[in-house]
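Protein chains: 2
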Amino acid sequence: MLNTFEKFLQDYNYNSQGSVNDAVIYATADGGKRVRPMLLLALLSDYGINIEKGLSAALAIELIHSYSLVHDDLPAMDNDDYRRGKLSTHKQFGEDIAILAGDALLTEAFAIIASDIANYPEEKIKLVQALAKYSGIGGMIYGQQLDLAGESKALLLDDVKEINVYKTSNLIMFALSAAAIIANADQDIEKLLVIAKDLGLAFQIQDDILDVTKTFEEIGKYASDEDNDKSTYVKLIGLEASKASVAELFENIYNVLNTLDLKSNNLKELIVNIENRQK
Amino acid sequence: MLNTFEKFLQDYNYNSQGSVNDAVIYATADGGKRVRPMLLLALLSDYGINIEKGLSAALAIELIHSYSLVHDDLPAMDNDDYRRGKLSTHKQFGEDIAILAGDALLTEAFAIIASDIANYPEEKIKLVQALAKYSGIGGMIYGQQLDLAGESKALLLDDVKEINVYKTSNLIMFALSAAAIIANADQDIEKLLVIAKDLGLAFQIQDDILDVTKTFEEIGKYASDEDNDKSTYVKLIGLEASKASVAELFENIYNVLNTLDLKSNNLKELIVNIENRQK
Chain A
1 MLNTFEKFLQ DYNYNSQGSV NDAVIYATAD GGKRVRPMLL LALLSDYGIN IEKGLSAALA
61 IELIHSYSLV HDDLPAMDND DYRRGKLSTH KQFGEDIAIL AGDALLTEAF AIIASDIANY
121 PEEKIKLVQA LAKYSGIGGM IYGQQLDLAG ESKALLLDDV KEINVYKTSN LIMFALSAAA
181 IIANADQDIE KLLVIAKDLG LAFQIQDDIL DVTKTFEEIG KYASDEDNDK STYVKLIGLE
241 ASKASVAELF ENIYNVLNTL DLKSNNLKEL IVNIENRQK
Chain B
1 MLNTFEKFLQ DYNYNSQGSV NDAVIYATAD GGKRVRPMLL LALLSDYGIN IEKGLSAALA
61 IELIHSYSLV HDDLPAMDND DYRRGKLSTH KQFGEDIAIL AGDALLTEAF AIIASDIANY
121 PEEKIKLVQA LAKYSGIGGM IYGQQLDLAG ESKALLLDDV KEINVYKTSN LIMFALSAAA
181 IIANADQDIE KLLVIAKDLG LAFQIQDDIL DVTKTFEEIG KYASDEDNDK STYVKLIGLE
241 ASKASVAELF ENIYNVLNTL DLKSNNLKEL IVNIENRQK
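Chains as they are written, first to last, in this note's numbering: chain A, 1 to 279; chain B, 1 to 279.
A portion of the hints provided could be inaccurate.
Which copy? The list can't say, so a pair holds if one copy fits it or any two copies do.
Claimed, not checked - Distance condition first, Cα-Cα at most 35 Å in a straight line; then the derived DSBU-like pairs of lysine-lysine:
#	residue 1	residue 2
1	K235	K153
2	K53	K268
3	K7	K235
4	K263	K33
5	K33	K161
6	K214	K263
These aren't lab readings, by the way, just hints derived from the structure by calculation.
Please put together the full structure from these sequences, using the hints given.
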């Protein structure tokens, strides 16, 4: 499944040339865990639907994720020089090209969904709506805003949770609802949003834990949150309590997941892998 | 028509709050000529279609135009402190919020089209495709890239033309094709693209002319292109020849426009106003 997606991503032609084209390929080329697209495709296959029908939406979400990292790494934002073990996009291509590359990735995400011949217009419009909702000003971008506002400020645990839900859970909400939209399983979306919310929270707490327990060589980036003196789960409740929160969230996720009527366990296996990840 | 659009824009609710929400409202609130949405609505009305069906696409294009200005004004790009006679978005809200506000405007443009209840899914998908095409990596963004690459470099007239077609004509191409898509007049799109190309070129040459003949008070921004030592039409062929080019482009535009079977002359009147603009 990952190979199919990687091939689809590598073969994708932006029909452009020059530095922005080079930068979008650089920003999406390698190193990522492709967690969000895999969640979408795993659930789609559990619904018994050919994953070909989900490749466009899966690529769209990866492009949205990539654009958010490119813009997030900019000096005016988190100011990260490294990403996934290599120079961040603006360090490699310059800030101007990085800004344009982020814009290009964002725009192309919608182009990919709209141009997909494997789905009907009605489904595609639902996908465009969902992608804009969960990645936009009331979703992921709102999370970025909360995150910026919360820097160098003492936050409560609920504040950190809210940031993580918007910043991380929202794109997972798109991933899982997109699979349900494509599979015509709209009745499951409410439960999937619960899973997505908890999974995003768990994922982010895991990142906080990894940030304090791993070195640059192991996770491929410096722990900028630490440098920025940002409030994290680990700082607020400690390492052990953070690990316990992660375990509890995954238990909730499996409980909800077990109530869904699915034909296979690909999503569950993927979530188990996420639970056990070491980077 | 402009009042209807302004009301639609002012009433639009982003369903968010905080600095990014404030910044997107700031960036779109006032001062703009709304040229692109007006072109769309004028042509739509000339097809005999109620302009209500075009308001979403018109707002979408204005949001795309606004996002491009917000990002274009950033220090890493054109570094403009003023826009439309007031502080540019990053000077007012900070660079980080301006980057996010641009991203939010871009994303919301697609949300607006997808959520429009006045059009069918088939039309909306065509609109999403067209918007992504003309504003994305093979359209407006490609123009920005060419523009950046051409700064402080001696360009030929054809280079400047190419930049202007991508940077300015492309959004007008969306405006006019969007009207044709909504009116089911796809057979006119080829001609409309010719009009859009020439109109974008003419508009940009007019800007170059105004930049050297008007002061800050009159046009509401400093002539940053001049400061940046950028190649412009006026520098390359002189003021009189530039004016002659503008006149010739408008003549071509009217010739093609006259071959279309339209029920009224709103688009033509709007284009005449553009031809005669003094700012």
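> Which of the listed hints are not met by the structure?
Replying inline: When the structure is compared with the hints, numbers 3 and 6 turn out to be violated.
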